[in-house]
Every structure is written in C-alpha cells, then in structure tokens.
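Protein chains in written order, with our numbering: chain A, 1 to 244; chain B, 1 to 261.
It cannot be assumed that every hint is accurate.
[Stated by the list, open to error] Not the full set, but computed from the structure, chain B residues with beta-carbon under 7 Å of chain A:
#, residue
1, V110
2, N159
3, S168
4, D223
No lab work stands behind these hints: they were computed from the structure. Predicted model, so just to flag it, every value in this text is computed and none were measured. Each residue gets a CB set at the ideal place from its N, CA and C atoms; glycine is no exception.
What follows is each chain in one-letter form.
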Amino acid sequence: MQAVAKGSSKVLLSATLSVLLGVGVVAGVGYTLNKASDDGRAPVIATMAGNIDTPKGNMPHAIATLSVYADAESSGGAHGPDGGSHPGYVTYGPSNDLVLPAHSLVTITINGYDGGETLNTPFFGKVIGTVDGSMDVDGKKITSLGMTEVQHTFTIHSLPTSSQDPLFVNIPLSKQPDDAMEKFDADGTLPAPVVTTFSFYTGGVGEYVWNCEFPCGDGTYAKFGAAMSKYGYMSGKVSVVEHI
Amino acid sequence: MNTSNSLPPSLGDRARTFIKRHDVRMSFLYSSVITLVFVFLGLWFYPKFMPEVMSEQMQNGKEVIVYFTVISAPVAGLVLGIALYTFLNRHKGDTPPPDGPAIRTNNPVVLVWTIVSSLFCLVAIVWGLVEMNVSSSEAADKAPNAIVVEVTGSQWVWNFNYPDYGFSSDKLNLPIDRPVVFRITSVDVNHSFWPVQLGVKVDANRHAITTARTTPNVLGSIDIKCAELCGLYHAYMESEGEIMTASDFNSWVTAEGGHTA
Numbered sequence: 001m002q003a004v005a006k007g008s009s010k011v012l013l014s015a016t017l018s019v020l021l022g023v024g025v026v027a028g029v030g031y032t033l034n035k036a037s038d039d040g041r042a043p044v045i046a047t048m049a050g051n052i053d054t055p056k057g058n059m060p061h062a063i064a065t066l067s068v069y070a071d072a073e074s075s076g077g078a079h080g081p082d083g084g085s086h087p088g089y090v091t092y093g094p095s096n097d098l099v100l101p102a103h104s105l106v107t108i109t110i111n112g113y114d115g116g117e118t119l120n121t122p123f124f125g126k127v128i129g130t131v132d133g134s135m136d137v138d139g140k141k142i143t144s145l146g147m148t149e150v151q152h153t154f155t156i157h158s159l160p161t162s163s164q165d166p167l168f169v170n171i172p173l174s175k176q177p178d179d180a181m182e183k184f185d186a187d188g189t190l191p192a193p194v195v196t197t198f199s200f201y202t203g204g205v206g207e208y209v210w211n212c213e214f215p216c217g218d219g220t221y222a223k224f225g226a227a228m229s230k231y232g233y234m235s236g237k238v239s240v241v242e243h244i
Numbered sequence: 001m002n003t004s005n006s007l008p009p010s011l012g013d014r015a016r017t018f019i020k021r022h023d024v025r026m027s028f029l030y031s032s033v034i035t036l037v038f039v040f041l042g043l044w045f046y047p048k049f050m051p052e053v054m055s056e057q058m059q060n061g062k063e064v065i066v067y068f069t070v071i072s073a074p075v076a077g078l079v080l081g082i083a084l085y086t087f088l089n090r091h092k093g094d095t096p097p098p099d100g101p102a103i104r105t106n107n108p109v110v111l112v113w114t115i116v117s118s119l120f121c122l123v124a125i126v127w128g129l130v131e132m133n134v135s136s137s138e139a140a141d142k143a144p145n146a147i148v149v150e151v152t153g154s155q156w157v158w159n160f161n162y163p164d165y166g167f168s169s170d171k172l173n174l175p176i177d178r179p180v181v182f183r184i185t186s187v188d189v190n191h192s193f194w195p196v197q198l199g200v201k202v203d204a205n206r207h208a209i210t211t212a213r214t215t216p217n218v219l220g221s222i223d224i225k226c227a228e229l230c231g232l233y234h235a236y237m238e239s240e241g242e243i244m245t246a247s248d249f250n251s252w253v254t255a256e257g258g259h260t261a
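My request is simple: use the sequences and hints to build the entire structure.
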C-alpha cells in the first residue's frame, strides 16, 4: 500500500514537472520573440501641430520625420555611434516604430539618402492611401515612380480585423542620383536628401506594421534577407493611439 | 481419446469468445461513445467555427471536411477507445504481470483492417476526382464571362491587378455571381493565396503563374491571407476584400482609376 502511494506521488511529481517545463519552454520562446522585435530604441512620436482643414473637415494635425540611409554606420547614430551590430545594413531611422494620433491628419517627411535598382513589381511605384493620392518630392507633386526610380518604399499595412480601421499607405521614395551614391561610396559623404512629404488620415486606435517593398536586403530570400528580415532596419510598427 | 477436444475452435466460436471478454466490451463501449462525440463535433460543432461560405467551392470544401470527419470518426473512436481502456486499466505496483502469449498474426483482423482502410482511401480518391471534374466542367462553362484578377504576392503585401479594367489595388473586390479567374504569382519567396471565404487556397510561386477559379455568390467582406510561412511579417500579410453588386463594383473600379469593361 505504501509502495502504491509512493508510486502515485512520483507520477504526480513527474506530471507537475512536465507541465512546468512545457510552460517554461513556451514562456521562454515568447520572451525571446518579444525581445527580438524590440530594438530598445524610443519610438518616433508624432508632434501635434494644431488643427487643420481637410476634405474630411477640421481635424488635428500631426507631423513626424524619418530618414532612410544606405547603411547603419552613416545613419546619424540610429543604431549607435558605430552603426551597431550590423553597420552595413540599410536602415530607417532614428527609430522604426511610430506613434500617431487617432482620427487625425498625419504628415510624414522622409529624407532619403540611398540609391536604388529595380522594384519587384510596378504596384509599389504607385502612391497609395494619401489624402489626394500624391506625395511631394523635393517640392514636386508626384503620384507614381517608375520601377527603376525608387530607392525604398514606406508601406503601411495591417491585419484586416474588424476591431480596428484599415490602413494601407504606400510611398515610393525617389532614389539618389548615381553620381551622388558613387561619391558616398568613395568618401562616405552623405548626399543632400531627397525629401518626400505625404499626408494621410488615421482612423481609430490600432496597431499596424510598415515595411520597405524594395528588394534591398542581401541575396537571400530574393533580396529580402538581412536588413529586410531583421526587426529595426527596414520595417517597424505603427501605433495609432487616442492621445499623444 | 476425445478427438473433438483437439479441433481448433471455429471462427464463429473465436468471435463469440472474443466479444464476451470484459476488456473487449469495455473498449467497444468507450469507442462507441468517442465515435459519437466525433460525429457530433463533425456535424454540429466544427462547422460553427468555419469561415462564412461565400462560393460554391467553399461550400464543397466545407462539406468534404464535415463528411470526412464523420467517416473518420469510427477509426479515431476505435483507437482512442482502446487507448482509454488500456490507460484506465494500466498496471499499478512494482510487480509487472507476465507477458501474454506471442501472437504471430490474425488473418481475419488483418483482412478486415486492410479492406476497411482501402475503402476509406477509395472513397476519398473517388470523391476528390468527382469534385475536381465537376469544378473543372463548371469553370470551363463559365470561362467566357469570367473576370480575370492577377494576384501578386510580395513580402508581405498582396496586390491585385484587374487587366480588363486597367488598374491595380491593394483590395480584392469582386462582383457577385460572376466567375473569377485568379492568375497567381509571387515576386520573391513562395506565398499561398488564400481568400478564405471563397474556398480557394493556391501557392504563389516566383516565375510561375498558377490559375484558380471560383464564383462568389454571397455579398460581404472576405479575408485574404497568406498560408505559407514567408518571413518576418508573414502574420501581417493579410488583405481585405468585398463581394459587391455589379453596380457597386463598377463604381469602385471608377474610383480606383480604372475603366469599366
């Protein structure tokens, strides 16, 4: 009888340890994944700039600025003074996470310092989701770029969930001239940025992501490896919050 | 010498002895209950959690899942019933019981499971061939009136080109009751185009165009997902779409910068 009781307690102990081990493994995987998606940099929080009249009526106006660089080393410290763990990776900065106000007009300016090759598909050469379907590039109003005129894209998308408003924005960024990039490659001098400005409306509170649709990673995964497949370089989160 | 005692028992005698055993009866009882549970799950529970049916292809797919769940319920019930009886009557204590007599084979059992398994497979094959044939015939009949949508997967966004209307969109909107032909490809890694409520799921491969057909027959929203793990933001590779009336579709085409066909 004593032996049976001893056996039962062993079974109970083994079962408990197995469950605890399983929970620990799941928690460890969750923690690791969560840690990998957080690069530790403070997000870019949009600055409120009063109210503005729009085709949808008067609403709050928020502005934010990003930049995109040919490599992390020359990104003005976006990944640390020496470019961090991947100084050769193409990157956005100063952070890849954006915080925007809900039910507002958001104007984003992107300074582009990189050259380009060819887009995978002409679809991402089109401006999509902005107020009037256009963007402003160095003072010129543009609605699309050719497949070979693009350095990167800024493409916001989301899960089609009924719990938050849809948001899809695609901005192709005009590339630097070849001679400017040759000079950068030769002596590291950053060219004057191509300045792209665009505006779009936010809906209610929600969580979105953005990524570059230009194949600017290394040769793996059809040039979507390296910087394109690592958090904090050519992709990020967009958090739309009630108040800033 | 009694010669009748040396005769091996007939198959009927062996079967009668077999079904009188307590372990067999209890395993059968457990198997029957578990089978009924799976039949209930297959007929009433699972369908409640399936996506809305918005095309005949989705209806066919849903029926196949339901019928195959019911057909496979006895198999699962038998395995789990015996497993449950074995677990509940497992040996306790330090002294294990002696091994039973070695069994080389049991021809009737082998015969039964071979025939039953073959029948299950045959039903699945014939069913699939019939469904495929019906679907292909219907698609061929409807082809002249079909709307063509070129679907392109790229990490991690779908885009949809409507060549007959001269525009592209990030949304997949379609008119109701009109056949649609999807021409699916990828510009980078492999994706899988899955407009859930339309019952279509097809791989999107680089340098290849794969064709799939369906006819939406219910108005409403559809979800387009990628069903192939494709990289960092695979989980966000979802798009929205809508099945709309012909007039609403034409209005949307115009608003997107296209021209009506």
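Checked hints:
1. V110: violated (36 Å)
2. N159: With a closest approach of 4 Å, the B:N159 hint holds.
3. S168: Holds, about 5 Å.
4. D223: Cβ of B:D223 sits 5 Å from chain A, so the hint holds.
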